[in-house]
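Novice: The listed protein sequences derive, respectively, from chains A, B and C.
Counting with our numbering, you get residues 27 to 391 for the letters of the first sequence.
Counting with our numbering, you get residues 23 to 280 for the letters of the second sequence.
Counting with our numbering, you get residues 73 to 383 for the letters of the third sequence.
For the record, the hints were derived by calculation from the structure and aren't laboratory data.
Fair warning: there could be bad hints in the mix.
Result set (BS3-like, lysine-lysine): computed pairs, CA atoms no more than 27 angstroms apart in a straight line [as the list claims (entries may be wrong)]: (1) C:LYS372 x B:LYS276; (2) A:LYS136 x C:LYS142; (3) C:LYS305 x B:LYS276; (4) C:LYS322 x C:LYS202; (5) B:LYS276 x C:LYS378; (6) B:LYS276 x C:LYS202.
A quick note: this is a predicted structure, and the numbers were derived from the prediction, not measured.
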Amino acid sequence: MAEQSATRVLTCIQCGKCTGSCPESGKTPFNVRMLVRKKQFQSVVDEALPWYCTSCGACTIRCPRDVKPSEVIIELRSKLVEDGDIPVAIQKALENTFVQKNPWGRSRNKRADWVQKLDFEVPHVSETQSKRLLFVCCIQAYDPRCMVIPVNVARLFQAGGMEFGILGEEEACCGNEIRRIGESGLFEELQEENLAAFQEYGVKEIVALSPHCMNVLKKEYGDNTGIKVSHYTELLAPMIKSGALSLPGSFEKKVIYHDPCFLGKQNNVFDEPRDMLKAVPGLELLEFSRSREVSLCCEGGGGRMFFEVEATYQRNAEVRVLDAVEKGAEIIATACPFCVMTLEDPATEKGLVVKELSEILTEVL
Amino acid sequence: MNILVFTKRVAATQEEELRITGEGQAVDLSKVPFKVNDWDNYSVEEAVRIVEKQGGAVTAISIGDAESDEVLRRAIAMGAKDGFLIDSGQVLHDPFARSELIRSFIDKEKVPFDIIFTGVQSEDDQFGAVGGILGAIMGLPYSSMVVGIDSVEKDHVVVRRELEGGLQERVKIATPCVLSIQSGINEPRYVSIMGIRKASKVERKVFKAADYAAGTAKIEVVKWVYPAKKGGATMLAGELADVCGQLLGILKEKGVCQ
Amino acid sequence: MSYALIVSEVRRGVFEERNLDSIGLGALLGKETVLLAPDGAYEINEKLVDTVVKVKSAEDVYLNPMNMGKILEQVFGARGKPDYILFTQSSSGTEAAAYTAGLYGFPVITDVSAYDKEAGVFLKSYYSDKVFGQFKASGGPAVLTVRSGSFREFAGEKAAAAKAETMEGAPAVDSRTFVEYVEEEKSDIDITKAEFLLSIGRGIGNQDEVASYEELAGVLRAVLSGSRPVIDKLWLPKARQVGTSGKTVKPKVYLAMGISGAFQHIAGMKDSDCIIAVNKDAEAPIFQYAHYGIIGDIHKVRDKLKEIAKA
Chain A
27 MAEQSATRVL TCIQCGKCTG SCPESGKTPF NVRMLVRKKQ FQSVVDEALP
77 WYCTSCGACT IRCPRDVKPS EVIIELRSKL VEDGDIPVAI QKALENTFVQ
127 KNPWGRSRNK RADWVQKLDF EVPHVSETQS KRLLFVCCIQ AYDPRCMVIP
177 VNVARLFQAG GMEFGILGEE EACCGNEIRR IGESGLFEEL QEENLAAFQE
227 YGVKEIVALS PHCMNVLKKE YGDNTGIKVS HYTELLAPMI KSGALSLPGS
277 FEKKVIYHDP CFLGKQNNVF DEPRDMLKAV PGLELLEFSR SREVSLCCEG
327 GGGRMFFEVE ATYQRNAEVR VLDAVEKGAE IIATACPFCV MTLEDPATEK
377 GLVVKELSEI LTEVL
Chain B
23 MNILVFTKRV AATQEEELRI TGEGQAVDLS KVPFKVNDWD NYSVEEAVRI
73 VEKQGGAVTA ISIGDAESDE VLRRAIAMGA KDGFLIDSGQ VLHDPFARSE
123 LIRSFIDKEK VPFDIIFTGV QSEDDQFGAV GGILGAIMGL PYSSMVVGID
173 SVEKDHVVVR RELEGGLQER VKIATPCVLS IQSGINEPRY VSIMGIRKAS
223 KVERKVFKAA DYAAGTAKIE VVKWVYPAKK GGATMLAGEL ADVCGQLLGI
273 LKEKGVCQ
Chain C
73 MSYALIVSEV RRGVFEERNL DSIGLGALLG KETVLLAPDG AYEINEKLVD
123 TVVKVKSAED VYLNPMNMGK ILEQVFGARG KPDYILFTQS SSGTEAAAYT
173 AGLYGFPVIT DVSAYDKEAG VFLKSYYSDK VFGQFKASGG PAVLTVRSGS
223 FREFAGEKAA AAKAETMEGA PAVDSRTFVE YVEEEKSDID ITKAEFLLSI
273 GRGIGNQDEV ASYEELAGVL RAVLSGSRPV IDKLWLPKAR QVGTSGKTVK
323 PKVYLAMGIS GAFQHIAGMK DSDCIIAVNK DAEAPIFQYA HYGIIGDIHK
373 VRDKLKEIAK A
């Protein structure tokens with residue numbers, strides 16, 4: 027593994043496309059090209075630097091030599107993790123995940139508490155015909171702001187006649203952020219635990235709520251699972267189109283859609299969220315200048331959800347909100363819990379509202 | 023410098039609601055995850071740092087069931103040379119019984135040491151007594167609440183003890199001795215899962231508690247009970263803005279805020 | 073002869089207030105109460121116990137658990153073994169209690185917060201006060217450490233002043249010696265003098281949040297303090313710590329955000345005039361001590377408070 031990546035690093039021609047596409051370059055001390063260079067020469071890297079990366083993946087997509095700079099960052103982090111010398115907040119998130127299977131250290135026994143907000147029962151996935159699993163994951167299971175996502179999606183699925191079940195307390199963190207933090211051992215444990223549960227209950231299909239979870243389940247849990255993985259928008263969009271889910275209400279707002287990196291540029295889901303928004307009566311859909319493949323990262327990924335980097339600079343979330351204001355938007359819609367969390371603060375300040383897609387749909391249900 | 027460090031696997035109850043079974047017979051921990059005792063994590067780190075600087079070896083010892091091997095692997099990953107498990111099968115609530123078991127084990131197995139570290143207390147029972155009892159029954163000088171080890175010399179150590187109100191006292195203690203380490207003495211390193219896996223390759227010796235004199239328990243739990251509910255707070259309820267308005271009202275009424 | 077020996081704690085010439093809890097438990101046990109104290113010119117309300125025995129030992133010698141073993145040997149020689157030996161639940165009290173128990177083979181129960189006379193059982197906290205064990209001791213005088221604030225209401229004045237006795241001190245051991253007191257690093261803020269403390273705990277989740285609570289403290293003109301986890305993680309300086317291992321505070325208003333209320337914390341703030349707690353967990357022990365409570369997301373409450381207060 028180490029040898030493979032070394033070879034990849036050696037193919038780098040230092041063209042700088044990675045840094046050019048990086049949402050952190052210029053405004054923070056982080057320079058991904060430089061770090062790849064240092065990895066090539068095995069020279070010492072300032073240990074604060076790798077933690078700036080948001081794992082948005084832009085560098086890897088743009089790299090003409092398949093160096094995978096974002097993976098190089100993970101390797102640099104792995105070294106720090108192995109040495110035990112990492113920011114305390116990251117350390118806490120990892121230790122919490124080890125004990126309670128979620129980075130916030132909340133009780134695993136309360137992982138399915140969100141279902142209490144529903145007025146219908148959600149079955150365990152083993153009790154479903156379809157063996158379709160709604161993979162809830164940590165932030166949606168525990169964070170009071172993000173808990174509305176599983177609640178809303180459950181309501182929408184219920185209304186559209188889409189059968190689904192959950193794993194409840196048996197679900198563990200998907201590990202997408204954990205792998206990107208560089209804790210591959212912990213990632214493997216989470217993966218093994220989840221895969222064992224998928225197998226035990228004969229899961230055939232997984233619907234992820236967060237693009238981060240979808241990404242890891244789809245691309246990093248191995249090719250042999252035989253389980254179809256999608257983001258919930260990929261199911262809802264066709265349901266709306268076919269009329270299985272009707273949206274009788276109206277939502278007379280100017281809404282601008284922010285592409286989450288893990289949904290858009292990393293997994294090419296660009297149209298389904300837009301189709302859903304366009305189907306909402308009264309809603310006027312706006313677009314950012316930087317949208318779809320070149321959407322600006324909100325800086326919520328790659329472990330950045332759990333700690334704050336040292337540099338002070340204008341956060342991308344704020345830039346994004348200012349762009350939204352300029353476009354005349356009243357609402358920023360997105361389809362990722364991390365984007366919701368990072369955008370909401372500056373948006374509130376500017377009088378804008380951030381809504382996760384499922385929130386808008388539930389309002390017109 | 024040979025340091026023995028005691029490390030315990032404890033229930034992580036911080037986020038859990040605990041249930042007492044039957045008529046107060048036991049506390050149900052069946053659904054609670056386990057972790058290393060926080061204080062022991064600091065102790066292991068401190069011991070490893072001393073040995074890294076001055077040479078010697080750290081031996082981690084755990085009393086508990088087979089699952090406690092987990093905290094030994096962790097200690098080894100942090101830098102302990104050996105891990106010993108004293109398999110006691112069941113929980114020993116009495117700190118005296120635990121201390122007796124430790125003394126008997128160290129004597130019988132002739133485990134060499136210069137200093138013994140324990141955590142100030144364990145998160146589960148919060149007794150904070152094993153270190154002190156152990157020091158006394160082994161005839162060793164003792165200090166608890168150690169928040170700093172200023173120097174480690176051939177025949178003594180100088181440590182800082184945490185007292186109340188932000189005060190500390192510096193004391194000089196002859197070695198061999200027993201020290202109970204307070205949390206916050208250092209910043210424990212992160213222990214990666216890979217590190218723990220590598221540590222698994224180091225053999226951990228398992229000893230049967232029954233082979234050592236444990237002494238009879240001097241205290242026993244008659245019953246487990248829930249805490250008595252006190253008066254309780256006046257809960258402010260309603261919409262967020264409303265609740266915060268009420269809170270600011272209270273601050274004004276108390277004269278601390280305009 | 074049947075008596076309860078109260079090993080009092082005197083530090084830097086002050087008879088610690090928590091001794092009142094040992095005295096209170098002593099009274100509750102219904103035995104003759106004999107209070108042991110070191111040499112020195114400090115005030116004791118001598119009506120609270122039956123006998124005061126002053127040991128002719130310097131304070132730092134007396135506070136050394138190893139010397140205490142020798143001092144107790146003399147007490148036992150003079151009066152026989154007591155039925156109970158009570159220490160304070162504190163840094164030095166717990167240390168000396170455990171060492172004494174080990175030395176004499178006595179049973180020990182620490183952090184005793186209640187006593188059921190009928191059943192003859194002592195309540196001891198487990199899992200940060202989530203449950204309590206009712207303990208019975210056997211095979212010798214029970215050595216107990218007494219939780220501060222738990223029994224002082226039972227420390228009533230008697231009709232007459234205590235019998236005053238003195239006792240020779242024991243020779244000090246040299247295997248552990250006191251060197252000096254170390255004051256923690258001076259900080260410009262003294263949280264014990266603040267009228268209004270905004271205190272943050274583990275519930276803030278993450279170091280990045282600290283700045284935002286600092287800002288709230290600024291807006292509300294409160295001083296920012298924290299509980300042990302926050303200090304251990306170096307999110308706030310040690311001088312800002314409220315609790316038994318930090319400062320004991322009694323502000324007019326103590327606003328606790330994200331603090332669940334471990335006993336060590338409660339002990340450091342429970343005498344505040346007005347305690348307001350904000351916590352997501354309705355079961356958090358701090359609500360038992362608070363005058364006002366809000367169950368909710370502390371970050372949201374923080375942001376809303378800032379917003380309203382600024383307006």
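Novice: Does each hint fit the structure? Answer for all of them.
Specialist: The hints, checked one at a time:
Between LYS372 (chain C) and LYS276 (chain B) the alpha-carbon distance is near 23 angstroms, which keeps this suggested pair within the 27 angstroms criterion. In summary, the hint linking LYS136 (chain A) to LYS142 (chain C) is not supported, as the alpha carbons are separated by about 53 angstroms, beyond the 27 angstroms threshold. Pair hint LYS305 (chain C) plus LYS276 (chain B) does not hold up; C-alpha atoms about 32 angstroms apart against a cutoff of 27 angstroms. Pair hint LYS322 (chain C) plus LYS202 (chain C) holds up; C-alpha atoms about 25 angstroms apart against a cutoff of 27 angstroms.
Annotation: proposed proximity of LYS276 (chain B) to LYS378 (chain C) holds, straight-line Cα distance about 19 angstroms (limit 27 angstroms). Restraint check for LYS276 (chain B) and LYS202 (chain C): not satisfied, since their Cα atoms lie roughly 32 angstroms apart, outside the 27 angstroms limit.
In this structure, the earlier hints numbered 2, 3, 6 are contradicted, and the remaining ones agree with it.
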